[in-house]
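Chains A, B, C and D, in that order, are what the protein sequence lines are.
Just so we're aligned, residue 1 is where the first sequence starts under the working numbering, counting upward by one.
Just so we're aligned, residue 1 is where the second sequence starts under the working numbering, counting upward by one.
Just so we're aligned, residue 1 is where the third sequence starts under the working numbering, counting upward by one.
Just so we're aligned, residue 1 is where the fourth sequence starts under the working numbering, counting upward by one.
Hints were generated in silico from the structure; no laboratory data involved.
On a predicted model such as this, the values are computed, not experimentally measured, just so you know.
Keep in mind that a hint or two might mislead.
To be verified - List time: in silico DSS-like cross-link candidates among lysine-lysine, alpha-carbon distance up to 25 Å:
no., chain 1, residue 1, chain 2, residue 2
1, D, K142, A, K126
2, D, K92, D, K46
3, B, K50, B, K21
4, D, K142, C, K39
5, D, K225, A, K172
6, B, K144, B, K95
7, C, K67, B, K126
8, D, K46, D, K317
9, C, K225, D, K2
10, C, K317, D, K26
11, C, K92, C, K67
12, B, K172, C, K225
13, C, K44, C, K67
Said to hold, decoys possible - Chain A side only, calculated, beta carbon under 8 Å to chain D, not exhaustive:
no., residue
14, P4
15, R7
16, D35
17, D37
18, S41
19, G64
20, K65
21, F76
22, A80
23, A110
24, G123
25, G190
To be verified - Some residues of chain A that are not near chain D, with every Cβ distance over 12 Å (derived):
no., residue
26, I74
27, E106
28, V127
29, G150
Built from N, CA and C at the ideal position, the CB exists for glycine as well.
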Amino acid sequence: MAIPFERVRLAFSQILEALEKNRQYLNDLDAPIGDSDHGESVTNAFRKVKEAIDKLPPEERDIGKLLQEAGKSIIFSGGAAMGPLYGTAFMDAGKVVSGKTELTREDLVALWEAFAGGIARRGQAKVGEKTMYDTIYPMVEALKKSLAEGKDLSIMIEEAIEAARRGMESTKDMLSLRGRSSRLGERSIGHIDPGAASSFIVVRSFMETLLEKGGGVRE
Amino acid sequence: MAIPFERVRLAFSQILEALEKNRQYLNDLDAPIGDSDHGESVTNAFRKVKEAIDKLPPEERDIGKLLQEAGKSIIFSGGAAMGPLYGTAFMDAGKVVSGKTELTREDLVALWEAFAGGIARRGQAKVGEKTMYDTIYPMVEALKKSLAEGKDLSIMIEEAIEAARRGMESTKDMLSLRGRSSRLGERSIGHIDPGAASSFIVVRSFMETLLEKGGGVRE
Amino acid sequence: MKKFINRPENVVEEMLEGFVIANAGKLRRLPTERVLVRKDAPVKGKVGIVTGGGSGHKPAFIGYIGKGLVDAVAVGDIFAAPPVQRVYEAIKAVDGGKGVLLCLGNYSGDVMNFGMAQELAQAEGIPVESVIVNDDVASSPKDRMDNRRGVAGEVILWKVVGALAEEGADLAKMKEVGTRAVFNTRSLGVAHTPCIMPSSGKPSFEIGDNEMEIGVGHHGEPGIKRMSMMSADEVTELITLQVIEDLPFQSGDEVTVLINGLGSTSLLEMYICFRKVAQILADHSIKIYRTYIGEFFTSMEMGGFSVTLTKMDDELKRLMDAPCDGVHFIQH
Amino acid sequence: MKKFINRPENVVEEMLEGFVIANAGKLRRLPTERVLVRKDAPVKGKVGIVTGGGSGHKPAFIGYIGKGLVDAVAVGDIFAAPPVQRVYEAIKAVDGGKGVLLCLGNYSGDVMNFGMAQELAQAEGIPVESVIVNDDVASSPKDRMDNRRGVAGEVILWKVVGALAEEGADLAKMKEVGTRAVFNTRSLGVAHTPCIMPSSGKPSFEIGDNEMEIGVGHHGEPGIKRMSMMSADEVTELITLQVIEDLPFQSGDEVTVLINGLGSTSLLEMYICFRKVAQILADHSIKIYRTYIGEFFTSMEMGGFSVTLTKMDDELKRLMDAPCDGVHFIQH
Ligand SMILES: Nc1ncnc2c1ncn2[C@@H]1O[C@H](COP(=O)(O)OP(=O)(O)O)[C@@H](O)[C@H]1O
Ligand SMILES: Nc1ncnc2c1ncn2[C@@H]1O[C@H](COP(=O)(O)OP(=O)(O)O)[C@@H](O)[C@H]1O
Ligand SMILES: [Mg+2]
Ligand SMILES: [Mg+2]
Ligand SMILES: [Mg+2]
Ligand SMILES: [Mg+2]
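All chains should be built: construct the whole structure from the sequences, respecting the hints.
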């Protein structure tokens, strides 16, 4: 069961819709340990993605190109801290699936592994530093495990989303070592990282859309 | 029953004490139709008066001199709208009792008539314009009437205070035509004029002290 | 009270102490009175300019001391006109032999205190004239213009007469041009948040969570009416149209625009409002000659802003363009 | 929401429109991106200076465009670093053949976006260096100085490198002196009132009626600790001593003092606080070389202020004294 180009394109619409719904929730997560703007920034960035994708020629079928277009538009016009991070992540993800018009289970894992790598590279982030990486990294681990165990795509995706959720939630008890919240020391503890939360929304919307489960917009 | 210098000197201490107690009340009256500072200004001015009077030579007995010193210190260091008004009033009052070491009933009436004249002269104020003049003018009328009717000093003073109180209260329903509140038009109606209120406090403290009733500080 | 002060009664004195230390290169304080003067005052052969009023309007009044602006400020208490003695000492300190111009807002306190000081100084042989600012169109109808209060338009007066004095103009000329500048200047303000009076810690007025006051004075005096909060464009249109109609400013006029923040309103908001002012002026074919946007005459931390327009003529243009070097108002 | 705006999503765009109209004599906007540049950019033979960051800090960043200051500003959304493309366009627009210096605050968003733009421009052969400001002593302990955020100290950097560029210095020299200015600069702020986020109408942080936050960032980020409100002298002492200890500033040093209002705190209060700063510095035998007091880098209408000290040397003195003609920062 391979995932076609159209599903991936649709995923970006679903991400945007989910982010719009969670805009204020993400701003509010950013208030106690940041500057209250994460929902704005991330929503605006994925609006730019949508615009860029909508400009692709209708015959375009290269998923790598699609992801790289998304990444480029976030890098160039996203701004904030999340811009270079999401942007680089999608660029790197696009590179590993370059030329593919549909994604196998292997491709999907490679894609997210590259995505995680992009964040780590751009943000110098490691696990446990209270960033979006803490959502993505455990998800990639779960994906790799499912792949090795030969699990079904739908199970694989469900478990990946769960791992991402647990990853996001794990940031609550962490001391921040990256980004704006890293200046708070002990005071950063006790709050979910906004970037970890937006990453969870991105991951879930993306993955659920692939599954043809419909929009998958919740929260 | 003539009023000695010492009583008049004491009157200024009593005025100051009464104003200190009513500082915030006068600020609050000044809030809806002015700039919330009348209590500050008038209290500070009478502190200056106290300082000036305390510097008079101990052998000084000229009530005219005393009043003029009070007036001069308010003019020179009082500031605000009330400074030139109270200052001129006390100056003019002092002039008509110049050289006197005690005040007769006639002197007292002349003194307040000059006081009222000073306000009218400096502020171009007429009755009914919602100013301190609306406290002072009816009081002077009452004093003149009592004098003509040959009333007792204590009755005369009590009635004068009552006239001043009614005068002050009459400003509530007036439309302001002078000073800061005159820019409010209809909106100035329904509030007692702060200057009318401070004038009532000044008048009452002064008059009650003359009567040897004690401090006379109320409100 | 959310204000960084020490004892309320020391607010003005401590502020002045800080101000004099910070700006010792440009001004000094008279030893006897709360009067600040330009460091090189009196400037020989130049008409001296004295202004003043209550404190709490920073950068007004003392921020306008400097070359090309005013020579002395008589400093009053919070929102209280300075007493006669201070104005009188200020006049004496800046008279460089050509007389002194007093610039003041049209408030009975200022008019009386400056007026008495003027008489005292004149009695000593110093020529003194005064120009009284009454630019607030909200503060009385047009047929009672002499009852209108002065607001941010005083900044325009200082700029104009300050430049004129540096050019060597005589007192009569300064009074004439200053009076014309004031006549050509109209303002209107709006506020949504009061300031806190240091003496009591109380707000200067009560106002609802969604209310604003149109035509408010910059001591928190009430204005024309209370309304519900509006968008930037709506409120800007409301006040700008009234300002335009009042003079009236007409098609073909050139104006200086001054958007004055009353305290806590951000420059961000002021530029958004200015954008609308510019659109409205363009619609009326009124040309913007110069623009000033910022906090020029505040009411401590009051929230709101005012729009001031001054109709230019060739002389006023020259004077507005002249350089000046005030403490908080500098122009190359 | 007590803010004069129209639709929240248009705040930055409308502000920019107003800003460009008001200051058309000094700057222009690039046709493609939210980038403002000095009118005469690129200036031949002068190193170009690019700065930028989120909006909501007015007069920073765009108020510092002008001769003797910065050449271009890449404008971000409210509190959001500008995206790579804007910084990149800004660099290209101001390169006058001697390369470009980037000045930015130490925020991961700014560091990443400016860094990527720098790489792009370098790849095209434009020499680009950057100086990152990290003056906020509250934002990390001294042994993690590279994690400290930049606050009002960035104004000092702009002034210094802006003057140096006008003198014709080369890029290496500018990076060296700019880095030294930043190293010599330490700040600490306090806030008692949040700003209102235009997007949501919500306050940037919750705080009690009698509370203040020491070491707050100028996007409303929390600081070192929450305390009860103090008098001006107490809070000034608390923060000034920490600033002094951090460098440490020592007896015999000469410093530039910058008291920066975060938005709604009045100049009156800032001068009262400065008075105490001056006393403390005198007690430490630290001499004040220059003083700046006002709103230089705000957080919209946040209530509070910060104290910045920069240790001077002969070169920094010369650069601080140089004239400049920014939109909101002018010096003769
Ligand atoms: N160096 C970094 N590495 C990984 N993630 C980071 C890094 N810096 C910041 N982030 C993420 O970015 C999020 C904040 O994004 P955003 O609100 O857009 O930026 P800003 O802090 O500039 O306002 C944080 O919650 C965190 O997850
Ligand atoms: N022209 C005037 N004639 C008489 N009284 C006046 C005049 N102008 C003002 N006042 C009085 O002064 C009072 C206000 O005094 P104060 O608060 O000290 O001055 P300000 O209005 O300048 O703050 C008013 O309530 C009014 O009674
Ligand atoms: Mg943020
Ligand atoms: Mg008053
Ligand atoms: Mg007053
Ligand atoms: Mg941000």
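Hint by hint, here is what the structure shows:
1. D:K142 <-> A:K126: holds (23 Å)
2. D:K92 <-> D:K46: Cα-Cα ~14 Å, so holds.
3. B:K50 <-> B:K21: Holds - the C-alpha atoms of K21 (chain B) and K50 (chain B) are around 16 Å apart, at most 25 Å.
4. D:K142 <-> C:K39: violated (42 Å)
5. D:K225 <-> A:K172: Measuring from Cα to Cα gives roughly 20 Å; hence the hint holds.
6. B:K144 <-> B:K95: Status holds; Cα separation ~19 Å.
7. C:K67 <-> B:K126: Roughly 43 Å separates the two Cα atoms, so the pair is violated.
8. D:K46 <-> D:K317: holds (21 Å)
9. C:K225 <-> D:K2: holds (17 Å)
10. C:K317 <-> D:K26: Given pair K317 (chain C), K26 (chain D) holds - Cα atoms ~18 Å apart, limit 25 Å.
11. C:K92 <-> C:K67: Answer holds: K92 (chain C) to K67 (chain C) is near 18 Å, not above 25 Å.
12. B:K172 <-> C:K225: holds (20 Å)
13. C:K44 <-> C:K67: holds (13 Å)
14. P4: violated (31 Å)
15. R7: violated (28 Å)
16. D35: Hint on D35 (chain A): holds, closest Cβ of chain D at ~4 Å, below 8 Å.
17. D37: holds (5 Å)
18. S41: It holds, given that the least Cβ distance between S41 (chain A) and chain D is near 5 Å, below 8 Å.
19. G64: violated (21 Å)
20. K65: violated (19 Å)
21. F76: With a minimum Cβ separation of about 4 Å from chain D (threshold 8 Å), the hint on F76 (chain A) holds.
22. A80: With Cβ-Cβ at 4 Å, under 8 Å, it holds.
23. A110: violated (24 Å)
24. G123: holds (7 Å)
25. G190: With a minimum Cβ separation of about 12 Å from chain D (threshold 8 Å), the hint on G190 (chain A) is violated.
26. I74: The claim breaks: I74 (chain A) does not keep its Cβ more than 12 Å from every Cβ of chain D (closest is about 8 Å).
27. E106: holds (30 Å)
28. V127: At about 17 Å from chain D, V127 (chain A) clears the 12 Å cut-off, so the statement holds.
29. G150: With a cut-off of 12 Å, G150 (chain A) remains clear of chain D, as the shortest Cβ separation is near 38 Å.
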